[in-house]
Amino acid sequence: MRNRRLVATLAGITTAMTLAGCGLSGAQADDAGSEPSSSDVTGEITGDVTLQTWALKAGFSDYIEGVIAAFEEKYPGTHVNWIDQPGEGYEDKLLAQASAGELPDVTNTTPAFGFQLAKEGLLEDLTQLDDELDSTYVAGALEGFQFAGIEGTYGYPWYLTTELNYWNTDLLTQAGLDPESPPRDFDELLAAARTVKSATDGQAYLMSKKPNLGDFASAGVKVINDEGTEFVFNSKDAVALLDEYRQAYADGLLPQDVLTDKFLGHTELFKKGAVGWTTGGGNFIAGAIADNPSLEDKFALSPHFGTPPLDVQGVSVPKTSKNKATAIALARFLTNAENQEAFADLVPGIFPSTLSSQSDFAASDGSDIAEAKAIAFASLDDARVLEPVQVSSAMSTIINQEIAAAMTGQVSSREALDTAVEKCNQMLSE
Amino acid sequence: MRRSTRPSRSATRCSPSRAARGRGRVVDRDTAPSDQRDPKRTEEPMSATAQAGGARWSAQAGGGAEGQSESIGASRPTTAAFGRARRIRTHSWFAPWLLCLPAIAFLVVFNLVPAINVVVLAFTNAKMLSGGTFVGADNFVRMLHDDQVGTALVNGLVYLAVCLPFLLVLPLGLAVLVEKKIPAIGFFRTMFYTPVVASAVVVGLIWTWLLDDRGAINAIAKSLGLITRSVPFLTDRWLLLLSAISLTIWKGLGYYMVIYLSALGSVPRELHEAAAVDGASAWRRFWSVTVPGVRGTMFLVGVLITVGALRVFSELFILTNGTGGVGGANVSIVMLVQMYASGFNGNLGYASALSVLLFVVTLVPLAVIARVQRRTEQ
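These protein sequence lines map, in sequence, to chains P and D.
Following our numbering, the numbering of the first sequence begins with 45 at its first residue and continues without gaps.
Following our numbering, the numbering of the second sequence begins with 751 at its first residue and continues without gaps.
Any given hint might turn out to be false.
As the list claims (entries may be wrong) - Listed next, the in silico DSSO-like pairs over lysine-lysine satisfying Cα-Cα at most 27 angstroms (straight line): (1) P:Lys316 - D:Lys972; (2) P:Lys137 - P:Lys118; (3) D:Lys1001 - D:Lys931; (4) P:Lys163 - P:Lys366; (5) D:Lys930 - D:Lys1001; (6) P:Lys253 - D:Lys972.
Claimed, not checked - Okay, the calculated bits of chain D under chain P, using three or more residues with CB under 8 angstroms as the criterion: (7) 1012 to 1018; (8) 1072 to 1079.
Calculated directly from the structure, the hints in this document are not laboratory data.
Where is the CB? At the ideal position from N, CA and C, for every residue including glycine.
The following block holds chain P by itself, in its conformation from the complex (with noise of 0.2 angstroms):
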């Protein structure tokens, strides 16, 4: 009899945790406060706060400590904890914080990552907190964070890259192409890439490079409807892209194993010289020439083919903030024009995303690293975020998973976006 009572109760202990378990709930905007108000960041300026980035300490610690010294000088009686956090992983790691309400004061976020903050209600909405958003930032980069279907503006735009081309002339002269004059768009590329083939036996390539949903939205394909509501990236238009790219794999231009994410990339193989072409930010060829110093002296550039991709990095402001006032100023300091230009000036291939700053970085010494930066802020005024910020990480692999079938004429074309446009419409309405 007590054993049943005993097992009677562990029972009801059980029962009781799990429904504890069941709750379901992530970190909801009613967990996290009230709705924001100008009171919240009038307060003083003072105490500690949390700033959180993605991947600066091993190269740029001394930059970011600066800026933090500098902001405490500024404001005495503040401290500023900076966590940093790897490149590998930021998504689950910013996801973890959510979930426990216990995202730093400012958290460094992409467009991507703010939308799916902003849209559980996680996020500030820093257009409610501050009026001089739009006479400190441009367009582009505040509109990065403003998200169709949401109301508002949910970071502040911190630095911006684009990416440009870089063309290996050595490979491009031994198949008998002018590297002063490498091709300007994809028709071209496709003509180029069977020309290396043909003069190399097929031992190199110029193209290794499956296309992505950024690659379609650079050629124009018209990705997500206009309210960020329906996927329709399965256009005539991205039928006949993908056709393009399906002959090419057919024909031997590209490596068999582009398929696979296995593949070791087309920049990976641009560094190792063994293909002709690949895309990269403004600072890419440092890396490079430091990776191979046989690259050096043999780079040509030319601006990327159709819309430049966008990369927008920015920080935003959580409302589980419980210094609101310093987080807002801090957010501030590290974005505005100074700071900025200060850290393009460190890094070649960023750039300042202020207003103020835009004129300062078209000049060029005639080096290649110049040349780049100057190519790639030149490309800046065209340059738009090519992903739709709705686009989960699920929803991207499947896109990549129907775009290989396609290439491997497992599917056709229009098979494959098809599919690949009704399954990410369904994880979208859900």
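Following the hints, position chain D against chain P.
Leaving out everything else, chain D in the frame of chain P:
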């Protein structure tokens, strides 16, 4: 043999085991010193309480051989010890539970609750950052229309069908070979076991270097003139699955070999010797002595292989870098769970439904194996 003349309260309340009753013996747990029941403990220092407790457990255990031995010069427990023993005996019903409580709590918190939680989540549309609502069987209906689930199931069954015979037999053969005590056999045992302890990253790199387009196998085959174009080990559906299965077998050989080695140690050597005297060949002795001797272990290995094959993840993940192969043709159910449950937009509800499916799918072959084992034992 001494028979107790004064049965204790506990002896009447907690009836002795069938074994004790069968011998017509009731142990006096209040007065009998512990060494009376455990001759091994005669020389050991033991508190009176422990002695009394030991007496009770001994009686509950059925009064085995230790309970039948005579007292050899042990002191009798004190009155205080009797009192403590009575108190413990009074609450004897919860003492075992008390001892098990940490383990039970751990089991409930870290196994039972999450398991039940997964089942509950399977009926919701929960996301990673937002609570879900009850959606009935929608997730399971969606599964029926998800072609990737079908692909994952087929992959899992193929994996099982190929892995099971190889991993059931090869490690046994390997164990028989390395069981012999010959010089340097330790080296071979270590080498066979090395893949088991190799990290997933190292294994992934090694196998990718071997198998990819510019990998060692393709490069050697090309240099020998055997092929002109690389064999698509990592891009063809079945070749990729075969590569992953090879990886599983490579990693599993040493693991199951060690399990078989321990089982082989318990096969009576006399049987082998008797069979040899009877003129049985080595092959005959293997089939007639070794295999029956390790049959129980083979069932265990079979269960482990079955569960492992249906839950395959790391091998396919390593070789495809998480994509599930070209067109997702090589995904496993675990990979689908991972895919749907990752990221900000992670669909916990659907991922949980897939987990439930995996659980059910794993149960079927396990039930078959259990039934076969029961029949064999009978």
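Establish whether the coverage given for the segment 1012 to 1018 of chain D by chain P is satisfied; the threshold is a Cβ-Cβ distance below 8 angstroms, and no fewer than three residues must meet it.
violated (count 0)
Next pair to validate is P:Lys137 with P:Lys118; report whether the Cα-Cα distance is within 27 angstroms.
Violated, at about 31 angstroms.
Taking a Cβ-to-Cβ distance below 8 angstroms as contact, does the segment 1072 to 1079 of chain D have at least three residues touching chain P?
Since three or more residues must qualify, the claim that chain P covers the segment 1072 to 1079 of chain D holds, with 8 doing so at under 8 angstroms.
Hint consistency between P:Lys316 and D:Lys972 [alpha-carbon to alpha-carbon, up to 27 angstroms]
With a Cα-Cα distance of about 21 angstroms, the restraint between P:Lys316 and D:Lys972 holds, given a limit of 27 angstroms.
Hinted pair P:Lys163 and P:Lys366, Cα distance within 27 angstroms
Measuring from Cα to Cα gives roughly 21 angstroms; hence the hint holds.
With the threshold set at 27 angstroms, check whether the alpha-carbon distance from D:Lys1001 to D:Lys931 stays at or below it.
With Cα atoms ~24 angstroms apart, D:Lys1001 and D:Lys931 stay inside 27 angstroms; holds.
D:Lys930 and D:Lys1001: Cα distance at most 27 angstroms?
The hint holds at about 22 angstroms.
For P:Lys253 and D:Lys972, compute the direct alpha-carbon distance and say whether it is at most 27 angstroms.
holds (24 angstroms)
When the structure is compared with the earlier hints, violations turn up for hints 2 and 7 and for no others.
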